[in-house]
Amino acid sequence: MALQGGASLAVIGLMMIGGLIAGGALLWYLRWIVD
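So for the sequence shown, the UniProt record's numbering puts the first residue at 1; every next one is plus one.
Think of the hints as simulated: they come from the structure by calculation, not from any bench. These numbers were taken from a predicted model, which means no experiment stands behind them. Heads up, the beta-carbon is just placed ideally off N, CA and C, and yes, glycines get one too. Since no wrong hints were added, every one of them can be taken at face value.
Label pairs and their calculated CB-CB ranges:
1) 35 / 6: 40 to 50 Å
2) 31 / 11: 25 to 35 Å
3) 15 / 35: 23 to 33 Å
4) 10 / 30: 25 to 35 Å
Let's have the full structure, built from the sequences with the hints guiding it.
Structure follows, in structure tokens:
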């Protein structure tokens, strides 16, 4: 992906935030199932 600096940084930031939210939701879901 050949993007400009600002756009690529924004995309990387959004991906990181989305990954953290998805990971946290998955952990919470697994914890809820185990309990």
